[in-house]
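Can you build the whole structure from these sequences, using the hints too?
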Amino acid sequence: MTSPTHDPADRDGDVDFEHLIAHLAHLLPSQGPISVFVHHNTLHAFEEQSFHEAVQTAADLYDCHPYLPEPDYRVALKRGRITQQDLEAELYDVLGDEGDRLLGRLGTRHELWMSMLEHPLREGTEAEIRWFIDETEALYRFRPEASDAAREQTIDDTRRWLVRDYFNGIVISPARRQRIDALINQFGGRGAVDSWDDPTWEAFSLHLLWLACEDGATVAEVSSPACEDRHWAQANELVDAAMIRLCAAFLDQGFAPWILPERDRGLLQAFLALHQDALPADSWLARFPARAREIRQQGVAASQLIEQSLVELQIPPAQYEQRLQEQLLSLRGWAGTLWQMETNAEWAPWPAPPGSLVEYVAVRLLLLREAVAAVRRSDATSPATVRETQRQHQANLAFVLFQIAEIRGWSGAELLRQSRDEWMLLTDEATAFPSRMRRRVYHLAYERHYREQSLGAIQQAAARPDPPAGEPAYQVVCCIDDREESFRRHLEEVDPACETLGFAGFFGVAMYYRGLGETHFRPLCPVNVKPRHYIVEEPVYTEATASRRRAAARKALGRAAQGVTFGSRSVLGGLVTGLLGAIATAPLVLRVVAPRLADVLLRGAGRMVRDRRTRLHLETTAPPADGRRDGYTVDEMAAIVGGMLRTTGLPAKWSPLVIICGHGSSSLNNPHAAAYDCGACGGGRGGPNARAFARMANDPRVRAILSERGIAVPPTTVFVGAYHNTCDDSVVYYDLDSLQSGADAAMSRAREAIDEARRRDAHERSRRFESADLNATPERALRHVEGRAADLSQVRSECGHATNALCLVGRRQWSRDLFLDRRAFLTSYDPVFDDEEHSVLANLLAAVIPVCAGINLEYYFSRIDNVGYGCGTKLPHNLTSLLGVVDGAGSDLRTGLPWQMVEIHEPLRILFIIETTAAALKKIMAANPAIERLVVGEWVQLAIIDPAHATIQLYRRGEFVPFESHDAPLPTASASAAWYRGQRDHLGFALIDAAKGHASSGGPR
Amino acid sequence: MTLESAMSIAGVIVVLAPLLLVLAFCTSTLTRWSPSELSSSRLTEASVLTGLLAAAFVFAGMLWGGSRNVEIEVGNWATLHGPTPLDTYHFHFKFVFDRLSVPFALLTFVLVGTVGAFANRYLHREPGFHRFFSMYALFLLGMIVATLAGTVETLFVGWELVGLSSALLVAFFHDRLAPVRNGLRVWTVYRLADAAFLIAAVALHQVHGAGDFAELTGNGVWPDAQASLSPSAALTIGLLVLVAAAGKSGLVPFSEWLPRAMEGPTPSSAVFYGALSVHLGAYLLLRVSPLLALSTPLCVAVVALGLITAAYGAVVARAQTDVKTALAFASLAQVGLITAEIGMGWDYFALVHIIGHASFRTLQLLRAPSVLHDYQSLENALGEALAPTEAGAIASEKRRYWYRFAYLRGQLDGWMNRLIVEPFLSVFRNCRNAEERWLKWLGGPPRETPVDSGADREVAPGEAA
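Here the protein sequences come in this chain order: D and U.
For the first sequence, my numbering gives the first residue as -16, with consecutive numbering after it.
For the second sequence, my numbering gives the first residue as -3, with consecutive numbering after it.
Since the hints were made in silico from the structure, they are not lab data.
Don't be surprised by glycine CBs; every beta carbon is placed ideally from N, CA and C.
Hints may contain errors.
Unchecked claim - Stretch-level coverage of chain U by chain D, calculated; a stretch enters the list once three of its residues show a Cβ under 8 Å from a Cβ in chain D: (1) 316 to 323; (2) 359 to 371.
What the hints assert, rightly or not - Cβ pair distances, simulated, as ranges: (3) 438/U with 106/D: 40 to 46 Å; (4) 123/U with 35/D: 29 to 35 Å; (5) 103/D with 34/U: 28 to 34 Å; (6) 35/D with 34/U: 52 to 58 Å; (7) 103/D with 123/U: 16 to 22 Å.
What the hints assert, rightly or not - Some chain D residues close to chain U (C-beta under 10 Å, calculated; not the full set): (8) -2; (9) 229; (10) 493; (11) 551.
Structure below.
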């Protein structure tokens, strides 16, 4: 927890439960309703701690993984994704001078730990280990990982010891001697020793080794036997089942036709009202209705009830905090959503009233009282004893030592010679490097490998000579999103004369937006910004009448659809739809068998009722009323446009056409659709922002103000808004009707290039989809991704931010033509336009670092433990209360990302590479606690680059350390396609150079 | 070749296609060959298409040739001879293509094929992909066998296959506790239904000497057949069949298994509990509809149970907050209505209702993850927020009562647990306790360690030092 100093009890001894629960609530997942999915650090509550501390704390608290499971890293080691050198380097880093410490006669600590890293160490329950020892060849054959040398050494040593020492009567305790004699008898007795063949010696050596390990492990002591209260666990299960249904009914945003009675009076009253005159079938609830009546009559407050329940459950006040925390975390998805709906969702159709979470705890404890009593009545078995726990621990330890000994070539004889103190040291060492610690070293090595490669690649790319200065044919400003990396790269390849830039996809236009034919305003800006401007889309003047007609048609269609949707769930409506239902086979079969065709037909039908020519109501017409504005003033527009131009450095070179390209994603049957949309638009689609920005930038009055402020936009330059759909790779342009005739040529050229770029982008994306043909042409790849977007049965419509690992902040020239494999956020920033104070960079990083870190860490945690931090596989998901998904017939509300989104993600902490100086960045960090916390706490990795000298410095423990590349020269390919063609896996870096490239295909790293 | 023999051959193909698919998947688990996703789905597609075309051919042949009944004999698989003909038992396999079974078989092939194509992409890269399609093939075979069954035994075989594959697919995600528990629950309810069915079959044999529907229903062709049983025998057997149908179709009081069954992947939920499996009970009642015609009390019972279930489903659906459960209860309401229609003797109407409802509900369930998007588009089209009501037109004092009933789903499972399961289990628990006490008395004074706690281990590691 972040503030251990918190004292739940005030001076009177009364506990302020409301305060305590509000304090504990920060441990809950902070995901709101799924319709506005916002990426954030899953462990945001732990950001005060360093990354490694936090993942361990959270792992204990939530019972989740801190890093990937060990076998995954081992596979990476085998594939070369981690090398031996990476591992050695990180182990040296972790151990420091301690690595050279000698462990008796058995080698150094570094060697011991390294051998624990290199080969899998199995662990298990006592029964599993016993089974493994008794039923497999474990005591007859060395494990395959053991080297021949180690094997020989063990057998020779055992043979020498047995014949020379043991038979000649060395000093050994009677108990041991008895066991060893029994072992020899098992192999035919003392007389048969001379006739043992090699396999027998091998078996005997292993038997002796196991005996020694078992024997030695008994010196280890168990620190704290975990003695869990089984009654509580069982009781909690009963309570959980009841709470799932209650929370779903209470928080329902309008799915069920009936509302929970007395919902407006809060969770507690609604719950009591529901139960006060019930006749429960479940025996554990038999006495509850009477109690509910009593509480309702007395009007006991929630916090009082909590106290009463805790007293009745005989919990000492010192444990209050811990027990309440358990209760909150037991269904952390629902509790967290309740808290979000209570504190952070005033815009929702039905936000929860204040105090809901306290009432939730009160209800839980009321139920828990009944459940614990019932479970105690029915169950009398004893929990696991201390002795059992100790036995378990020792069995595991013996087994781990046995496996290490085989690898290191320690013989049983050698181990039997160890003194008790030496054994203590050895077992301490083996337990001091537990699986979690090993995984940490592995993880560091995993990150190091990619970091070394990427920094090396960027250093080499930056060392290229600067491109000749000249006016670009046109410029395209995309979102910084990692999915736009390939789009931009392909565009630059198709038309080298163009320039692309990256800026947060809301383009500075923070607004509530309502499109034509939409009912609600939705915020299109980063979540931490609260927009004040309300912008609507309206039909152009000449279309107003036609638009009204179409709205009426849409409404009629909507009524019909409503009738079918809701009617089919009632008896008579269901009868009608049932009798006519055979008609549904047609759309059913068509949508499943030919999704793309179905989509085309549907769109065609939809076009009849959709408005074609619209405009944004962008400029304010009325004076601002209580903070809410229905448009922007010219001054505000100039500030927005100027801010963007200054940050991106776009004015360094002007071209006749600047395309501002927002993005979003369309997919079907996807409750997580919002998670694929533009993060900078708060999980919305950024098209309207781009359109608004272009309108603003074209306004002569805005340009006049800008030129006063030192940015002279040439009168020949035209801005055009566009929208890139990252799922089907379509691009639409806004307001081309009002394009000035001078820009026609540039526009045609840009459109042609963009059309080719999106085909190639679709092609590159398709290599990641197993169901797409690797040999398809770009044209077919485009059709493939269009089909995916229209497919009801597609659970991976696109890959989203999966594989994101880098964020580059700076001018495009040092990363242009570098193949980044769609793994990098690209943010344009030109130090030339910054002031002495670096205020432009400070503003930029204040948004970019937390946003990219949030996306990256959400993917990290959802990938590391998809069941605990993520929401598991999509296949059984069931949308509930219009709020979120549960598994199947009902479970905790699942937060985080589904497996299908993170499947191909490599969990790495994001590496920022920023074009600035160490002094500037240190100053920015000092001034911005959010950035400092992320960087100093190692939640992100940070490096700075000086492109002029191609030097990179890496932030390590408070200092910027020069980075030296050890890598071979970067490979060159003639085109992106030549590099990725035929490959499904992650790819290494390469320079794309049409002139120089030899058409070699890119191997995996 | 005459039309008759061509239709017979096509009929054999209809049954063989899914059978071969199951065999292919079963043998693959015995060998080291594990089919790829592509071959799994291609095999399924091929089998479904073959079956569908053959069934369509039979259907066309029936329309063309005017034959209303095509029978395929697979012969007696076991014959027990007794002193009288009534004691003789034939285990007789026979398939019948008539106006009831052919449309149902066509529906099965169309839905299984479509949902199979859906699942092929939906389950892409799922570790249990092959397991899913194996179960799915088993389900297809079960449905086809049950649909086309000409004897009670044949129907029972198909019925069991459907039950087995359903329960295993409910528990598809067996790494979590809830699916396994709910799968077990479904399995238990199915067992109860099976027991009723089996007793009905045995009783039928006892009364009649054979399990042929033709024997049972006289010489007519469905639905015009006349049964040749005494009304009292028809009532007993009919009630048993009704219990079997209620278990399989989730009629009251077994209804709560239906939402529990939503644990599997969305496509299996759609095809099983929206479309086919849930209608199998109703299909059974349709199959024995000549029997129903014999006994008015039986018809009353069927209609009553159907209407109660319809009302129950409709009320309970109103308070359900998640889409799959809401659809499950909505389905239930329709299955209740269909049951009532069968009780009324409106056989063709019920058949049309089943087919329409199955198709529509499948589409709805497959689109279940879209519900949020659908609500948004609806709101946009209507230009206003969709608002639920407070228990509709019900007066406020009753409102809470009805809401609670819907919210707790009538506590059907709770009462069943309390009134049936717990007494049942406690009998066995008492027996065990009695046995233990008896053994203790026989064994003399108690020993120090219980027999089953590690006494078989020679040396505990803790004692060796």
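Of the numbered hints stated previously, which ones are contradicted by the structure, given in increasing order? Failing hints, ascending: 6, 8 and 10.
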